[in-house]
Structures are given as C-alpha cells and as structure tokens.
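> Assemble the complex: chain B is given as a structure, and chain Z must be docked to it using the hints.
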Amino acid sequence: MSILVNKNTRLIVQGITGREGSFHTEQAVAYGTNIVGGVTPGKGGEWVGKVPVFDTVKAAVEATEANCSVIYVPSLYTADAILEAADAGIPLIVAITEGVPVLDMIRVRAFLDRKGSRLVGPNCPGLLTPNEAKVGIMPGHITTPGNVGVVSRSGTLTYEVVYALTSHGMGQTTCVGIGGDPICGTGFTEVLAMFEDDPVTEQIVLIGEIGGTDEEEAARFIAEEMTKPVVAFIAGRTAPPNKRMGHAGAIIEGETGTAESKIKALERVGVKVAEHPEQIPELIASL
Amino acid sequence: MKLHEYQSKFRFAEYGIPIPKGQTATTASQAFTIAEEIGGPVVVKAQVLAGGRGKAGGVKLAHTPEEAKKHARVILGMDIKGLIVKKILIDPAVEIEAEIYLGITIDRAARRSVMIASSAGGIAIEEVAAKTPEKIVRAHIDPCLGLPNYQARNIACEIGLSRTLWKQFIHITSALYRCYEESNASLTEINPLVVTNGNQLLALDGKMTLDDNALFRHPRLAEMRDTDEEAPAETLARQADLSYVKLDGEIGCMVNGAGLAMATMDMTKLFGGSPANFLDIGGGAKSDKVAAALRIILADPNVKAVLFNIFGGITRCDEVAHGILSALGEVPTDVPMVARLVGTNEEKGRAILAQSNMITAITLAEAAQKAVEAAHGVSVK
Numbered sequence: 001m002s003i004l005v006n007k008n009t010r011l012i013v014q015g016i017t018g019r020e021g022s023f024h025t026e027q028a029v030a031y032g033t034n035i036v037g038g039v040t041p042g043k044g045g046e047w048v049g050k051v052p053v054f055d056t057v058k059a060a061v062e063a064t065e066a067n068c069s070v071i072y073v074p075s076l077y078t079a080d081a082i083l084e085a086a087d088a089g090i091p092l093i094v095a096i097t098e099g100v101p102v103l104d105m106i107r108v109r110a111f112l113d114r115k116g117s118r119l120v121g122p123n124c125p126g127l128l129t130p131n132e133a134k135v136g137i138m139p140g141h142i143t144t145p146g147n148v149g150v151v152s153r154s155g156t157l158t159y160e161v162v163y164a165l166t167s168h169g170m171g172q173t174t175c176v177g178i179g180g181d182p183i184c185g186t187g188f189t190e191v192l193a194m195f196e197d198d199p200v201t202e203q204i205v206l207i208g209e210i211g212g213t214d215e216e217e218a219a220r221f222i223a224e225e226m227t228k229p230v231v232a233f234i235a236g237r238t239a240p241p242n243k244r245m246g247h248a249g250a251i252i253e254g255e256t257g258t259a260e261s262k263i264k265a266l267e268r269v270g271v272k273v274a275e276h277p278e279q280i281p282e283l284i285a286s287l
Numbered sequence: 001m002k003l004h005e006y007q008s009k010f011r012f013a014e015y016g017i018p019i020p021k022g023q024t025a026t027t028a029s030q031a032f033t034i035a036e037e038i039g040g041p042v043v044v045k046a047q048v049l050a051g052g053r054g055k056a057g058g059v060k061l062a063h064t065p066e067e068a069k070k071h072a073r074v075i076l077g078m079d080i081k082g083l084i085v086k087k088i089l090i091d092p093a094v095e096i097e098a099e100i101y102l103g104i105t106i107d108r109a110a111r112r113s114v115m116i117a118s119s120a121g122g123i124a125i126e127e128v129a130a131k132t133p134e135k136i137v138r139a140h141i142d143p144c145l146g147l148p149n150y151q152a153r154n155i156a157c158e159i160g161l162s163r164t165l166w167k168q169f170i171h172i173t174s175a176l177y178r179c180y181e182e183s184n185a186s187l188t189e190i191n192p193l194v195v196t197n198g199n200q201l202l203a204l205d206g207k208m209t210l211d212d213n214a215l216f217r218h219p220r221l222a223e224m225r226d227t228d229e230e231a232p233a234e235t236l237a238r239q240a241d242l243s244y245v246k247l248d249g250e251i252g253c254m255v256n257g258a259g260l261a262m263a264t265m266d267m268t269k270l271f272g273g274s275p276a277n278f279l280d281i282g283g284g285a286k287s288d289k290v291a292a293a294l295r296i297i298l299a300d301p302n303v304k305a306v307l308f309n310i311f312g313g314i315t316r317c318d319e320v321a322h323g324i325l326s327a328l329g330e331v332p333t334d335v336p337m338v339a340r341l342v343g344t345n346e347e348k349g350r351a352i353l354a355q356s357n358m359i360t361a362i363t364l365a366e367a368a369q370k371a372v373e374a375a376h377g378v379s380v381k
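Protein chains in written order, with our numbering: chain B, 1 to 287; chain Z, 1 to 381.
Next comes chain B alone, as it looks inside the complex (with noise of 0.2 angstroms):
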C-alpha cells in the first residue's frame, strides 16, 4: 500500500516537450510509472518517446482518462497550468516548478477548494512511491518499498533521508514533497492523515525547516489524531531571521517560524527530533 500515487496512477506530464519535462518523462517512464499523455498547447499530435501530446490537459482527460498530473511549465505559467488541471477535473495535481508569485498561488488555492482538486507543491520534488510511480524528480534508485512515510518541505535533503534509511534496510511506503513555498497545496498535517489511514505505513519520518507554523500544526495533529510514531528533521538552527533561505518560504519572521519553536512544539508531544538527518535511521530502530 502507499498513499497519493501507485501503480494504477494514470499520469499526465503538462509541459511534456520541454527540457525539464521531457528529461524527466523519459526518467518516470524508464522508473515503471503508468504515463498516459502529455500536454504542450501548440505541439498536440507530437510524440515524446512512447507518450502522446494533447494540447489541452481537457483533450489529454478525455482521451486518457488521466487521474494524475505533474506540472513543469515556467513559473509564470504554473498558476494557468494548475487552473487548467483543477478545471479538468484532475484529481491529483503535483507541481514542481520554483518560483510561483504568492498572489498566484492564493488565487489558485480558492479555486481548488471550489473544485476539490488536490495540489501537492508547487517548489517541489514530488511523490514517489517505491516500484510502483515516480511523480517528479526524485531520484528513484534511493528508494526501496518498505513501511516508513515519509514528508517533507524540502528536495535533496528528503533524498539526504530516504538515501539513510534505504541504507539501512528501512523501505518507504511513500515519499512525499510539499514544497517550500510559503502557501502550497498540501501541509503536513494532510499527509499526516493519509499515512495514519494507509494500513502498511508503520513509521513516519517528517522533514521541516523555518518558516511559517506548519511544523506547529503537525505536533498537534500528531497529539490529538495519530497513533503511529513520527519522528523529524528540522532544518535551519543556525538560520538569521527576517533573511530568506532559498526557499520562499524559509524565513523566520519576527518571533515566527523558527527551527526552536518547531522542534519544541514537536518534542512537546512526543516526537522524536534528530540532531542531523543521519540520525534518523537510528531513531526509528530506537522506536
């Protein structure tokens, strides 16, 4: 079992003839990942590798019956990108692409939650289910299938952790990456949820970082709804405040959002909190 996306997800790629797109079709597809179609508004009736090219992701939905997409249009197309999917009636939307204005992403969350569409992302890795699909860039060989979930805000220092716990012997049930925006589609605390609910999921392993009060809102879902163990990363200790650390959303404001209050928060209720990414592995063995 595993959350979001399995074997059966039917994917669609927009921005398929891209150079990012079409580097990393060619990588989910060689992964095992069920890639149904790609969109590229003007390029309908091309071909990348084995996989058709709609121009639309409504003609992609209809000729497919796709229930995934992945987004690596540029950034000042993702919004329109994520409208486009939602408005097709894409269940599942994950968005890689960096560098979405704010006031875009607060325009299309309204929207979602009209439609009742999914968005992981965007600023993100993606969803990785070990054999089974690969939705964005993460590398797929430091995975393994195993009982561990894993959730994170962050890119190579999720495959930092899941390269450790692969390491020693821990498999994944699913890899998750929200992003590092300061709004995305899906929080912690939803991810949180869906690895309580799936059966095979035995651990869960939650990477954060400064900013915001996300972190703060997963130790108290984990106190009041969860009965499997999480334990976590926090990146940033050494972070200034009111400096932005590469990703848009990691920036303590004022007295907000620092690594302290998140580890403390999550310590508070239980949680085990690694001093370092390496230490994970041993954490969960201590479990």
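Incorrect hints may have been included.
To be verified - Simulated restraints on C-beta separations: (1) 197/B / 331/Z: 33 to 39 angstroms; (2) 220/Z / 49/B: 54 to 60 angstroms; (3) 193/B / 166/Z: 34 to 40 angstroms.
What the hints assert, rightly or not - Computed footprint of chain B on chain Z, listed as stretches where at least three residues anywhere in the stretch have a Cβ under 8 angstroms from a Cβ of chain B: (4) 147-161; (5) 211-220.
Stated by the list, open to error - Simulated crosslink set (BS3-like; lysine-lysine; CA at most 30 angstroms straight-line): (6) 286/Z / 243/B; (7) 272/B / 269/Z; (8) 264/B / 131/Z; (9) 243/B / 87/Z; (10) 243/B / 167/Z; (11) 2/Z / 243/B.
Honestly, the hints are just simulated from the structure, not real lab data. Please read these numbers as outputs of a predicted model, since none were measured by experiment. We treat Cβ as the ideally placed atom computed from N, Cα and C, and that holds for glycine.
Only chain Z this time, still in chain B's reference frame:
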C-alpha cells in the same frame, strides 16, 4: 525586495492614497531648497531599509529651511544599523489628532491575504500584538472578490474610527489593496495613517515588500532595488543566479538544495564551528556556477575552510567532481576544502576529488567534523 519609505509612499499616491507633499534630497542644500518651497515646518527623514530610524536620530523636525539644512547635514552619512544614509525625505510637518496602523500581508496559515488595522498606530505592530492584542483587527481577503466596502467599514467600526472619516478610510483601504495586488507585494503598510487636525486621513509613513518571484511582471518596480542596502556579496550572488546569505561564521558552505544547505550549516554548529554563509548552487553543479560561488565564499575574509555537500540525485557525482575541480583551477586558494558527494557514482566522484588537495568525507557528520577541524587549524586528511 523591500522599497524605501519614499518609494512606497509615491507608489501609494499613484493609487490615490493621500501622502504629505514631500521630496527627496541627497545633499543638505537640496534639503534647504525643498524646505523653503514647502514653506513651513518640515520633517527630515533618513531613507534606509531599517526599522527604528526615529530612535537612531534619523528623523528630525525642522522649523526653518536653515534648521532643515542643519539636520540634513547630520542625517546624511549617518550609520543606522550598519546602513549609511544616502538619501533623505523632506515632508511638510502635520498636526496629528490620532494615529492608526493599516497593513496588508500574507497569512500563511490561512492561505489568504489579510488586512490588519489598529487604533494603536505609530509603533511597530509586533509591539501592539504583544502588549495590547485586543487592539488589533484582522480581515481575511477573498482573492476573487478583493476588499469589498463592507469589510473596510467593519474595520473602521472595530478600530473606533469617527464616522466622518469612514468614506476616506474605505477609499484608502481599497486603494491599498489594489496597490498590494497590482505590485505583487507581500506587505504594504501605512504606519501611521494619521488623522490631521483638519480631520483628514494622511499616510505619514509607508513600507512595501515585493515578491521577488513576481518582479518580472513589474520592471519599473524591479529597477527601484537599492543595491547599497544589501551586502555586496549578496548582489553578486543574485547576479550569478545563486541563492546566498552572508553569516558571521568561519566555515563556507556550498550545497545543492536549500533545505540541505540549512542542514549543512546546522551541522557545522553541531560540531563546534559556525557557518559563514547559506549558499544553494541549485542542481547540476556546473563548473562556472561552482566557480562563481567559490569566489563569493572566499571573498569573505572570515572563511577558514569550505565545505562542499552535494547530493547527486539525478546529477552524477563524477560530473559534479569534474565541475568542482575545474572551478578550483579558476579560483586558486590555500583555504582547506572538504568535499562530500553522495548519490549516483559517488565512489568515482570521490576518487576524482582525492586526486586534488581536497579532503573527502563519506557521511555528512564526518564532513562537518573535518571542516570544523580544518577551520580551527587542525591538519585533516
């Protein structure tokens, strides 16, 4: 990107928000001329991107053009929190009956923009929130509707604004929201919005922060960036498309990915050192980018060691290693370097780096430890 007070207020004025009819000056004699034109008491205000200008002596009242000139001479060149004042704003002084706070920003948890208002204006809103939270009024804004009049009226009521000012207040709030949205701001703030003794609302001070990711839509606003206000290394990094933040420690960090970069900084601290910077070189680690990053890191005289931490996911570690070596060829240095490459072809990558003078490590903990030792003058292999 932050705008200066005068830039923010001039932008507000384009939307019809009343502001004092002031002008900027870069010399004391200009200040004299402007004060003379205004023809009454004026306020001389330092234009730097730092809070607490008043407390630092950067805001002064002048009754005559001579006095304005005298204040200008003191304030120009003044150091306020490490920033040198190069420009001043000369505003006509006004008689104030009351001060209001009015701002719009992003509420991350609610995933909405929010208008914040308070009858306790003129002091930092964080201070109001801490001392008298009951004086703060919030209204979330529906992105599809904008800010309807009734919401503005609700706010006016809740902060106890006189009915005679409601019409003006609604005009200002709706203009401020349009300005916020059309500038892709993450903050627009009027603090204080004052009630003058003539019962008029006037934006006495202004602040704007713009979303860097949306500047491509606003070339005129993008040009307003004041590079004097950021560390020179941060300007260079921005031009090289690198994400860099200068810190005070001794270990330069070069990492791919923002989260991993923060984790790497934290590791140097955990092992007894401290990070000199945050730096995300992005994917691929091509040699020209690594070289640009290395130049920026080594230009900081505090740097005693450099720590490379590259997770090669899709990118192969041997390619990254070649990129690092060719960058090192372009930027010769005696500073010790520790490299840790993980991921595809990691052994190959390490072997390539071991041919140079680089110290290599397998785990992140080992790499951080070695970098701290090297920075503290210990000979490391």
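> Next step is simple, just say for each hint if it's right about the structure.
Here's how the hints hold up against the structure:
| no. | hint | in the structure |
| --- | --- | --- |
| 1 | 197/B / 331/Z: 33 to 39 angstroms | 52 angstroms, violated |
| 2 | 220/Z / 49/B: 54 to 60 angstroms | 44 angstroms, violated |
| 3 | 193/B / 166/Z: 34 to 40 angstroms | 45 angstroms, violated |
| 4 | 147-161 | violated (count 0) |
| 5 | 211-220 | holds (count 6) |
| 6 | 286/Z / 243/B | 26 angstroms, holds |
| 7 | 272/B / 269/Z | 20 angstroms, holds |
| 8 | 264/B / 131/Z | 24 angstroms, holds |
| 9 | 243/B / 87/Z | 24 angstroms, holds |
| 10 | 243/B / 167/Z | 38 angstroms, violated |
| 11 | 2/Z / 243/B | 12 angstroms, holds |
Violated hints for the displayed structure, listed by number in ascending order: 1, 2, 3, 4 and 10.
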